[in-house]
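Put together the whole structure using the sequences plus the hints.
2 protein chains.
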Amino acid sequence: MFFSKLLIPTLREFPSDADMISAKLMIKSGMIRKLASGIYEFLPLGLKVLRKIENIIRHEMSVIGGQEIVLPLVFPKSLWIETGRWDVYGKELFRLKDRKCVEFCLAPTAEEVIVDLVRKDVKSYRQLPIMLYQFGTKFRDEIRPRFGVMRSREFLMKDAYSFHVDELDLKKYYQIMFDAYKNIFVKCGLKFCVVESASGPIGGSLSHEFMILADNGETEVVWCKCGYSATSEKAECLRVEGCKGELYTMEEIFTPNTGGAIEDVVKFLGLSPRKLVKTLIYVADGNPVAVLVRGDHEVNETKLQTLLKVNEIILADEQTVTSIINTPIDFAGPVGLRNINVIADLSVVEILNAISGANKKDYHVKNINYKRDYDVNIVADIRKVVSGEICPRCKEEELKFLRGIEIGHIFKLNTRYSKPMNATYLDSRGKENFIFMGCYGLGVTRIVAAAIEQSHDDSGIIWPDNITPFEVLIVPLDYYDDRTKEVTEKIYRELSSKGLDVLVDDRDERPGVKFKDADLIGIPYRITIGKKNLTDGNVEFKTRRDSKSNVKLLKPEEVISRVFKIFKK
Amino acid sequence: MFFSKLLIPTLREFPSDADMISAKLMIKSGMIRKLASGIYEFLPLGLKVLRKIENIIRHEMSVIGGQEIVLPLVFPKSLWIETGRWDVYGKELFRLKDRKCVEFCLAPTAEEVIVDLVRKDVKSYRQLPIMLYQFGTKFRDEIRPRFGVMRSREFLMKDAYSFHVDELDLKKYYQIMFDAYKNIFVKCGLKFCVVESASGPIGGSLSHEFMILADNGETEVVWCKCGYSATSEKAECLRVEGCKGELYTMEEIFTPNTGGAIEDVVKFLGLSPRKLVKTLIYVADGNPVAVLVRGDHEVNETKLQTLLKVNEIILADEQTVTSIINTPIDFAGPVGLRNINVIADLSVVEILNAISGANKKDYHVKNINYKRDYDVNIVADIRKVVSGEICPRCKEEELKFLRGIEIGHIFKLNTRYSKPMNATYLDSRGKENFIFMGCYGLGVTRIVAAAIEQSHDDSGIIWPDNITPFEVLIVPLDYYDDRTKEVTEKIYRELSSKGLDVLVDDRDERPGVKFKDADLIGIPYRITIGKKNLTDGNVEFKTRRDSKSNVKLLKPEEVISRVFKIFKK
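Chains as they are written, first to last, in the working numbering: chain Z, 1 to 569; chain R, 1 to 569.
Since the hints were derived computationally from the structure, they do not count as laboratory data.
This structure is a prediction, so every number in the text was calculated from the model and none was measured.
Please note that a few of the clues may not be correct.
Pairs involving identical chains hold if they fit within one copy or between any two copies, as the list cannot separate such chains.
Unchecked claim - Here are the simulated DSS-like cross-link-like pairs (lysine-lysine), alpha carbons at most 25 Å apart as the crow flies: (1) Lys5 / Lys431; (2) Lys97 / Lys171; (3) Lys419 / Lys565; (4) Lys100 / Lys77; (5) Lys123 / Lys361; (6) Lys498 / Lys568; (7) Lys34 / Lys77; (8) Lys52 / Lys498; (9) Lys366 / Lys28; (10) Lys485 / Lys225; (11) Lys123 / Lys28; (12) Lys191 / Lys542; (13) Lys531 / Lys485; (14) Lys532 / Lys52; (15) Lys555 / Lys498; (16) Lys77 / Lys97.
Printed below as a string of structure tokens:
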């Protein structure tokens, strides 16, 4: 294709409102434009990348028996009521009413709709397993859309759903999908890792996220040499036994002017925060609950929510706190706490002679010990993992923290949706059973951005070979010179004839402008054709990844066969 | 592909709630499923057809220089305010608010968004002309969704937009697109016609609709031997001069017990309705207007709306009528009508000695004549065309009425959008000009249904070769017979190797069930493989269009070469 015939509106400057290098580069290179907050248009260059990724995914989905379908984008509320997610999904769900005031939402994910389809048309074990997938626009009304198409409100997702006779069959297929996802990312030329993760509003018993590691990724990932990795939301904490020793007598201490804040209390008493029991009051689906973590730890609300099986968990406001413990929250503590369920983190109950608030203004209590001085309703892992702690899996190595971008998420849902929606099949003996289900999401638009995040330099994008919008860029320095034009078109024709996507920069622009744009849009192989080299019968060949000086002078035939070799043509 | 591995949930019966043969067949054959009123899911078989049509369209768009892009589906209200369409579009527009109460709509068409894109990135005549297109979901909250995917609320559309330096260039491109559309429909195997049509809420100066003729199509089409054709909404009426003769004296007549209804008045007076002037009061964007048509004619509200350049036109209620003419509407008439604009149809002013209401209960006036007894503000073509009248173009032949289904609509918009949105370019002398624009819509989902509407029989669908989900269906009568399986797979492999889409009905079903489904899903070529014929080394070959008895016995090699010949492989 010819540059002059394509809408590739490259910019001289970075857009002022883009906040991540991939977003900046996608706009600057004319791949996308922003229509509204978190809503983007894909221009020809951007769309070509999107389509290449789509085709890689489609191939892998088809290899593992997937059937492509297309689900609508407007979903009726009624199905979401069946699973209870109409309320759970909160403000992230775009909701609307039709002219008859019937309520709908815009697809954020399609479990309800696909289960409805399957429960109507899949009745027998003979029809199972089955995997259906689609490329569908998804809508999520993010509280803070950012990072370009990375966290946008409208995006393209490949969502797949598999249905099985039992958990074992689902488990096997989950692994097949897991491997297919790995193939996809390898083919896209991405460096990625897979981590255990929290299932969030999708639910289910097990889930994995596929992450692109990137310094400014928005997800915190915990990683261990032994192979264990998880999002920090999900990462388990090892139960470490506390010190053994003499249990001192509990006593109240006057802690005025500390205001109760942990740092101040700890300083005032000259103790380590590891000795302190921090008490927080949460409201979980409307019911207050007291949560205890060690002074140097933080509550992991995702773990807490999963433990309590609730839809919403928020810190209680002052009024609620006062109505329960009758004292400022900073002086709350487990001793004598009444009329409320208490949940303690694993590490809290191990503290010997701990300190906590006394449920009395300006007072703490010291030397409190679990079971002797206070009891709790549940002891569980409810805290955030901390850098440097020991891996919960190998119990030897220290955990490391990395940052990543989620590009895929797969879920073992079991009967999370088939039960409330009554999706059943008849087995070979005519008995009715619930269908087991998995779901598998892959952010297609997000992969575009993630690839750039992982592969760029100061001058622009560096596309991996498999997802580049064009494989080769031909830059005739003066397209209107006869000899230049002739050689340009000869190389163009030959490369195109074997199915390569070739872009010719036929614009009437200075070489400097063409090279700048070439580096910006990041086509991996560049052939430069100029009068001077042509007098020796040569053209220039360079790869985008190479340093600028690494340019080879080759005959046109040589450059063609070199490119064919690279792309195995 | 293998039937047993595909979700093709054919039904034994027609669905009870489908109202058109294409809708019934699409559901019965397992191509689609209904999720909600006017909202459908595309299953594997339906999607394959959709994709084939998409590819035919994509090819033709690319041939005429189109660049594919993807626009979002959620549009900000602000752009729609610029063109005034936020109010015009009425209830057909799905509207929603985000979590910050910013207003959006779901894309029903994308003129505003594309003009916004172009005005930001196209600045110079050097960048023109440019044609951008997409395959995008469109949403229209139809008052009465019906006919399956034919008039649904969510559907796939190919929408294209072209931008030009002037009207001449637009006009040339309009013709190029016109021809590309014809190519598309020919390639899809459709019988179609092109008609002049009304532009509706899209606007512009000229538009054509591409129609599939079908007995139960929802659009009335007017057609003349001379080549003229138009939707009945748009069809012009020929101005026919009235009788000349003596102008009698106007006189009031007492018409009690007629209630004023035309048929009754006409009967009472023993006259032709052609003598009667019918008076209607409309409210056009809030302003009342009196409209006169002949007793045997009907008002064409689309023409009236276009003439008055208003967004909304509705018949006035009784109260409004009374407040203006102070009498029941059936006794309204042009004589002495005051305080209101009056618009008369061309044919009204030609009536010699006409009759009309007297603006007085139970009275009419006779022998009224234009200019002598009453005047009007505008005389124009504002009525519906009637079967049998003379063609407005050749002025010789009689017009015929047909019914059709709109599958494409192209618009010469000129500066309808670029002016209010200030989309300009600099010409070669540095002067700023408005960009000229055309837009071109094609209902991809609708083509699927229209093709079926045009090509089916009592047993099911009969796919045209180019858009069939599979080109060949192989029906092994007993797939688990070794010899049958061997021949089946050999034929399957050979046909597939040249890129043909082949479906093998490997299900463990009776031949009767397989043949019934084969006819229902309508694959154009069927190869039946049974033990009996195989003893002579033969398989059966038949086309779906053929009568059941027309079955040929051929050797496998013969059948393969015959199929290759058909598909030019």
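For each hint, the structure was consulted:
1. Lys5 / Lys431: Cα proximity of lysine 5 and lysine 431: across copies only (23 Å, versus 63 Å in one copy).
2. Lys97 / Lys171: Result: close neither inside a copy nor across copies, 39 Å intra and 41 Å inter.
3. Lys419 / Lys565: neither (54 Å within a copy, 52 Å between copies)
4. Lys100 / Lys77: For lysine 100 and lysine 77, both the intra-copy (14 Å) and inter-copy (21 Å) Cα distances are at most 25 Å.
5. Lys123 / Lys361: neither (64 Å within a copy, 69 Å between copies)
6. Lys498 / Lys568: Answer is both: 10 Å inside a copy and 22 Å across each meet the 25 Å cutoff.
7. Lys34 / Lys77: Between. Shortest inter-copy distance 15 Å satisfies the 25 Å Cα cut-off; intra-copy 30 Å does not.
8. Lys52 / Lys498: Close inside one copy (17 Å) and across copies (23 Å); limit 25 Å.
9. Lys366 / Lys28: Neither way: lysine 366 and lysine 28 sit 60 Å apart in one copy and 75 Å across, limit 25 Å.
10. Lys485 / Lys225: neither (56 Å within a copy, 52 Å between copies)
11. Lys123 / Lys28: between (52 Å within a copy, 17 Å between copies)
12. Lys191 / Lys542: Answer is within: at 24 Å inside a copy they meet the 25 Å cutoff, but 53 Å across does not.
13. Lys531 / Lys485: within (10 Å within a copy, 63 Å between copies)
14. Lys532 / Lys52: neither (36 Å within a copy, 48 Å between copies)
15. Lys555 / Lys498: within (19 Å within a copy, 36 Å between copies)
16. Lys77 / Lys97: Intra 10 Å, inter 17 Å, cutoff 25 Å: intra and inter.
Taken one by one, the earlier hints fail for this structure at numbers 2, 3, 5, 9, 10, 14, listed in ascending order.
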